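Peer 1: In case you want the letters, here they are:
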Amino acid sequence: MKLATEKRLTFSLFLLIPVLSFAIFVIYPVYQSIVLSFHKWDGISPTATYVGLQNYQKLFANPRFWTALSNNAKWLVFSLFIPTSVGLLLALLINQKIKGESIYQTIFFIPYTITPVAVAAVWRWLFEPRNGLFNRFLIEVGLRDHIKIWLGDPTIATYSIMLSSLWWTTGFALVMYISGLREIPVELLEAAEIDGAGFFRKFRSVMLPQLLPSTIVVMAMSGISAMRVFDLVYSLTRGGPGYSTEVLATMMFDVSFNRFEMGLGSALAVVLLVLSAVIILPYIYHTSRSLEEIRY
Amino acid sequence: MYRNKRALFGLVAALVLVMSASVSIQAAEMWHYWLSGGEKEALDAFLDKARELYPNVEFTERGIPGSTSEMRRQLGAAFMANDPPELYQSAIGYDMKSYVDAGRLEPIDDIWEAVNGDEIFSEGLQRMVKFDGHAYGIPLNTHVISHIFYNKHIFEKYDLDIPTTWDEFKEVSKTLRENGIEPFAAATSWTLTHFYAPLITVLGPEGYLALGNGELAFTDPKVREAFELYGDAFVSSYMFGWSGYGWAEAANELLQGNAAMYLNGDWVVAYFEQAGWTPGEDFGFFPAPGTEDAIIIQVDALAAPKNAKDTEGAKALMTVAGSIDGQSAFNKHKGSVAANLAVPPEIYNPILLETYNRIQRVNEEGTILPNQLFMLPPSLYQELGRQVEMYALNPTDKVLDGVLNTLENMRQDLLKENAFVKWQDM
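These protein sequence lines map, in sequence, to chains A and B. Following this note's numbering, the numbering of the first sequence begins with 2 at its first residue and continues without gaps. Following this note's numbering, the numbering of the second sequence begins with 2 at its first residue and continues without gaps.
No lab work stands behind these hints, which were simulated from the structure alone. One or more of the hints may lead you astray.
Said to hold, decoys possible - Lysine-lysine pairs mimicking DSS-like chemistry, simulated, CA-CA at most 30 Å apart:
| no. | chain 1 | residue 1 | chain 2 | residue 2 |
| --- | --- | --- | --- | --- |
| 1 | A | K41 | B | K98 |
| 2 | B | K417 | A | K41 |
| 3 | B | K50 | B | K310 |
| 4 | B | K171 | A | K149 |
| 5 | B | K307 | B | K50 |
| 6 | B | K417 | B | K223 |
| 7 | B | K310 | B | K98 |
| 8 | B | K307 | A | K41 |
| 9 | A | K41 | B | K423 |
| 10 | B | K153 | A | K59 |
| 11 | A | K203 | A | K98 |
| 12 | B | K98 | B | K423 |
| 13 | A | K149 | B | K223 |
| 14 | B | K171 | B | K158 |
| 15 | B | K399 | A | K75 |
| 16 | B | K98 | B | K307 |
| 17 | A | K59 | B | K417 |
| 18 | A | K75 | A | K59 |
| 19 | B | K423 | A | K59 |
| 20 | B | K223 | B | K175 |
| 21 | B | K175 | A | K149 |
| 22 | B | K41 | B | K307 |
| 23 | B | K417 | B | K98 |
| 24 | B | K399 | A | K59 |
As the list claims (entries may be wrong) - Computed Cβ-Cβ distance ranges for the label pairs, DEER-style:
| no. | chain 1 | residue 1 | chain 2 | residue 2 | range |
| --- | --- | --- | --- | --- | --- |
| 25 | A | H147 | B | K423 | 52 to 60 Å |
| 26 | B | Q425 | A | V142 | 57 to 65 Å |
| 27 | A | L94 | B | E418 | 18 to 26 Å |
| 28 | A | I108 | B | E172 | 48 to 56 Å |
| 29 | A | T48 | B | D162 | 54 to 62 Å |
| 30 | A | V118 | B | P345 | 41 to 49 Å |
| 31 | A | V118 | B | A82 | 45 to 53 Å |
| 32 | B | Q275 | A | Q33 | 42 to 50 Å |
| 33 | A | Q33 | B | E53 | 24 to 32 Å |
| 34 | A | T50 | B | K175 | 50 to 58 Å |
| 35 | A | V118 | B | L54 | 35 to 43 Å |
Treat the numbers as computed from the prediction; the structure is a model and nothing was measured. Note that beta-carbon positions come from the ideal geometry of N, C-alpha and C, so glycine has one too.
Same shape as in the complex, but just chain A:
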């Protein structure tokens, strides 16, 4: 009994610092943001003015907010399915025991290690209307009529940024799925082969179900990234041209730090927090269920 109490005390003491740090550097600022969302503040005055729900009313009445939200929805759909699928496809290819598989894995993962501002710098050049690689290639192969203003055309700019994001983030899904594929019990695949299953049948009936934990992790991380997307969009277009590539995070940045409306920016932050929480809940539920299963 005494030992159990001593153990609990030891665990509590070890947890005290991280929990305290979390409370001070995460919980408290989130609480302050929520409080600030009910105020009007320019970021430098000693006091803020209480305005109740005015910031939220202003936000929901602003067409710019709905444009940003719809762009985040596009990013969510893109992030959940495209890098995930491409990462899975690459993982299946690399997992075929091909020569130099570790080199391929490294090549595809390297972009994920690059900071987003550097990714944006590279892709800005690729997208440059006159001398960028894409348009220059189209001109050289006789497709001059098909050149695009990749970052300057409001109808395609968001998809151009998504293309750069695909290059940047697929490596994460690749690594998760390779790890997942290597954990599939060989006996299951052999049994399927004995039963006459071809590749696609094996993939659908054996691999995909076994890859569910990896898929949940990849999709959860992708979903959160989609709600938080900022660096690439801000570095490439600042949410322009017009507001065509605006997402909630770039709007929050502009409203808070260019327009000095910190209260309104905080209201945006609260909305973003709520939306992100909705996305992350299935992942938290799955993870806690897994922990319960391990415990019992």
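We have chain A already, so just place chain B on it with the hints.
Peer 2: Relative to chain A, chain B alone:
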């Protein structure tokens, strides 16, 4: 024994760390975002001059990557910690006034008098740094943002005269296009500076100022006319893919001979020089049509926060900032014209000398106007920039209706909040 020695070493190391943390060098620190190229050289020259004139004062600097908004963010944190810098690089007008209204800036009337501020700075500039009768900033430099830079080789090749009217500008653009040259380089986020010339043409300097004061409705037919002139003259001359370029990439189009003209702030002069161009030989400038007797300027100033530690050091640096020596040292490298009108023009290259002469003439006979950035509430200025860009992307009547209604609704909301400043009363 070994354990005792380790403990003793640890104790001594800890004491040294604590003592070094508690001993801080007192210095007048200046925050800025002049981080590279000619701007950094200008800052270094300015500080060297300050150290020469005040050898007993320690001056230091801290670069804040970003611009006014990042500076504001950092200053906000510094104010909360009650540890602001002695000086910082400041915008003028609305931005500076917001700090004054928040009670964050020290009035500098004594320094203003010492440098004879009422004489050396133009009246328009004074209105942007003096509030309620007190001076709060020392303007350092003047960038003109209403000049069109042009590739002289292209103009000579096609025997083009410098356009002085909108019709002449459209004729020049037509000739250039017919010869496969993009008439007018442009970049995303910079279209608002192009809109000012049509605005002044239609509304005059009084109308331009009325817009900044919040007295002119965006739904006024004259504002619509200004937008239509902008679309008809400038937007129709924009180079292909302009909305996919940044300002430096657009400047490269001029350098590479793909485009002939470029309207941007005269900081591009330093950019062109660094690229190997010679002012007056490879490129020149002319006033945008409609701005022959008006100049639109952008200004950097220095301001002094309250509760800084070394107020004497701040005063010394401010005094140097207002002086002929300080402004000469700074502007020679910055590629701008000194805000102090008494600075002799020998420090300028041919392009800046021409700019200096124009500023002197317009100061006497015309009107020097500040960028709307310094006059409008920040939210309206940012929105104006976005809406001008949206119109430039699709210059139709329907889009213009939406643009003008959006801006007018915002103006009405800001009027209710009493957010505008009557700059002519400053």
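Peer 1: For B/K417 and B/K98, compute the direct alpha-carbon distance and say whether it is at most 30 Å.
Peer 2: Holds: B/K417 and B/K98 sit about 19 Å apart, inside 30 Å.
Peer 1: Does the Cβ distance between A/T48 and B/D162 fall inside 54 to 62 Å?
Peer 2: 59 Å, holds
Peer 1: Taking 52 to 60 Å as the hint, is the beta-carbon distance of A/H147 and B/K423 inside that range?
Peer 2: 53 Å, holds
Peer 1: Please verify whether B/K98 and B/K307 have alpha carbons no more than 30 Å apart.
Peer 2: Satisfied, since the Cα-Cα distance of roughly 14 Å is no more than 30 Å.
Peer 1: Cβ-Cβ distance between A/I108 and B/E172: within 48 to 56 Å?
Peer 2: 55 Å, holds
Peer 1: Take a quick look at whether B/K175 and A/K149 sit within 30 Å of each other, Cα to Cα.
Peer 2: 24 Å, holds
Peer 1: Is it true that the CA of B/K171 sits at most 30 Å from the CA of A/K149?
Peer 2: At roughly 26 Å apart (the allowed maximum being 30 Å), A/K149 and B/K171 satisfy the hint.
Peer 1: Run the distance test for B/K307 versus A/K41: straight-line Cα separation, threshold 30 Å.
Peer 2: Distance ~23 Å between B/K307 and A/K41 Cα, so the pair holds.
Peer 1: Are B/K223 and B/K175 close enough, with their CA atoms no more than 30 Å apart?
Peer 2: 26 Å, holds
Peer 1: Against the 30 Å threshold, does the CA-CA distance of B/K98 and B/K423 hold or violate the hint?
Peer 2: Holds, at about 12 Å.
Peer 1: Are A/T50 and B/K175 spaced within 50 to 58 Å by their CB atoms?
Peer 2: 55 Å, holds
Peer 1: Straight-line Cα separation of A/K149 and B/K223 no greater than 30 Å?
Peer 2: Distance ~35 Å between A/K149 and B/K223 Cα, so the pair is violated.
Checked against the numbered hints given earlier, this structure breaks hints 10, 13, 27, 31, 33; the rest are met.
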